[in-house]
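If you read the sequences in order, they're chains A and B.
Sequential numbering of the first sequence, starting at 1, is according to the UniProt record's numbering.
Sequential numbering of the second sequence, starting at 1, is according to the UniProt record's numbering.
Hint data in this document are derived by calculation from the structure and do not stem from the laboratory.
Keep in mind the model is a prediction, meaning the values are calculated, not measured.
For every residue, glycine included, the Cβ atom is placed at its ideal position computed from N, Cα and C.
Don't take every hint at face value.
Said to hold, decoys possible - Computed, partial: chain B to chain A, Cβ under 7 Å: (1) L155; (2) S157; (3) L158; (4) S164; (5) R208; (6) V209.
Protein chains: 2
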Amino acid sequence: MDRTPLSLGRPRAERADAARNREQLLAVAREMVAELGADKVTMDGLAEGAGLGKGTVYRRFGTRAGIFHALLDDDEHAFQREVLAGPPPLGPGASPLERLVAYGRSRIAFLTAHITIVRSALDHHRAVPAEGGSAFTQAHIRMLLGRAGTGVADLDSLTVQLTSALEGPFMIFLALPGTGPEPSAEADAAFERRARPLGDSWQTLVERVCRRA
Amino acid sequence: MDRTPLSLGRPRAERADAARNREQLLAVAREMVAELGADKVTMDGLAEGAGLGKGTVYRRFGTRAGIFHALLDDDEHAFQREVLAGPPPLGPGASPLERLVAYGRSRIAFLTAHITIVRSALDHHRAVPAEGGSAFTQAHIRMLLGRAGTGVADLDSLTVQLTSALEGPFMIFLALPGTGPEPSAEADAAFERRARPLGDSWQTLVERVCRRA
Numbered sequence: 001m002d003r004t005p006l007s008l009g010r011p012r013a014e015r016a017d018a019a020r021n022r023e024q025l026l027a028v029a030r031e032m033v034a035e036l037g038a039d040k041v042t043m044d045g046l047a048e049g050a051g052l053g054k055g056t057v058y059r060r061f062g063t064r065a066g067i068f069h070a071l072l073d074d075d076e077h078a079f080q081r082e083v084l085a086g087p088p089p090l091g092p093g094a095s096p097l098e099r100l101v102a103y104g105r106s107r108i109a110f111l112t113a114h115i116t117i118v119r120s121a122l123d124h125h126r127a128v129p130a131e132g133g134s135a136f137t138q139a140h141i142r143m144l145l146g147r148a149g150t151g152v153a154d155l156d157s158l159t160v161q162l163t164s165a166l167e168g169p170f171m172i173f174l175a176l177p178g179t180g181p182e183p184s185a186e187a188d189a190a191f192e193r194r195a196r197p198l199g200d201s202w203q204t205l206v207e208r209v210c211r212r213a
Numbered sequence: 001m002d003r004t005p006l007s008l009g010r011p012r013a014e015r016a017d018a019a020r021n022r023e024q025l026l027a028v029a030r031e032m033v034a035e036l037g038a039d040k041v042t043m044d045g046l047a048e049g050a051g052l053g054k055g056t057v058y059r060r061f062g063t064r065a066g067i068f069h070a071l072l073d074d075d076e077h078a079f080q081r082e083v084l085a086g087p088p089p090l091g092p093g094a095s096p097l098e099r100l101v102a103y104g105r106s107r108i109a110f111l112t113a114h115i116t117i118v119r120s121a122l123d124h125h126r127a128v129p130a131e132g133g134s135a136f137t138q139a140h141i142r143m144l145l146g147r148a149g150t151g152v153a154d155l156d157s158l159t160v161q162l163t164s165a166l167e168g169p170f171m172i173f174l175a176l177p178g179t180g181p182e183p184s185a186e187a188d189a190a191f192e193r194r195a196r197p198l199g200d201s202w203q204t205l206v207e208r209v210c211r212r213a
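So that you can see chain A by itself, here it is in the shape it has in the complex:
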């Protein structure tokens, strides 16, 4: 019985240590991405840059793709916090249509800015990140459509289609030959040019969809 607090305490201490390692590794990874580009980030380089053992890096991320997966996960959570509790019109306090417009514009900017990291987070067995932000996007769009008074009966199907209209162009880009997990700065730059006008177009789309006859 007297060992219980100790056996509970030890994992807690390990978890705190692991969390520090994780934060440190992610901070170093971000620096390396910014300075060298995502393509130059390796498991060994990250271990060296963070002053940690290679074993720690491999245990933490598993594969090189795991580094980018963790970076993306971190940024997704920050993005979602802005949507749920940040200032309007992205956060609460604006009309449903204004929030739909703001969400789409912010999401397009987020996905465009993260395209290299998203691509680097893919592994060869899954060309598209299924667990990505689209579940959150879908839930958020569904909530806003429900409040927008669109007069559309089947909001679930409309939500699936608008979620695809928003995130699909990025999935299609990631599935194109030569723009999957293989790094290509040219492909990413070309995509950024194509993605730029999508925000205006999203606004037109949702404004028309929400307009009753």
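Given the coordinates of chain A, work out where chain B should sit on it, guided by the hints.
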């Protein structure tokens, strides 16, 4: 010089033979899919069913996924012929909006009916078929939007988003864990239920998008 006709003639004869083999193999594969289900179609079973050598089947399709890729390719071409030259409203002769509605409904029915074959055509290195119908879908939607007089300035971006709204739900389904290349009759049946209302929703979407203020 006198060998030229012969050396040109021999590949031609081989090509006719290969085309016959291909037709025969695809016909047998269709029968096997219909009778046994896609999951039961194997390279060896197909060779046996067609009365051809295993070598012929491997040379023709490369992998098991290649069988389904060829089936899908065949059906895609038949579908595209209906759109380009079949009766209205899918084919020419109806208004651009009527054709947009008909195209979306037909495409959803096509993708839903083919979901097992699409899934079986995937290999593990590419979770989403990038070379699928979406280039055709995109070109067709762009043409119809141009004729529909929507009043939208950037039809290219709107086209990308509507193409994603139409085909994206199927890509998302294929990217979900457990619904990728692994066969699952339950997952396909569940998807068919979810896909059924997408046609009505597509009609609402494009009717509203094409409605000028």
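Hints and how they fare:
1. L155: violated, 9 Å
2. S157: At 3 Å from the nearest chain A Cβ, S157 of chain B passes the 7 Å test, so the hint holds.
3. L158: holds, 5 Å
4. S164: Hint on S164 of chain B: holds, closest Cβ of chain A at ~3 Å, below 7 Å.
5. R208: holds, 5 Å
6. V209: Holds, because the Cβ-Cβ distance from V209 of chain B to chain A comes to roughly 5 Å (cut-off 7 Å).
When the structure is compared with the earlier hints, a violation turns up for hint 1 alone.
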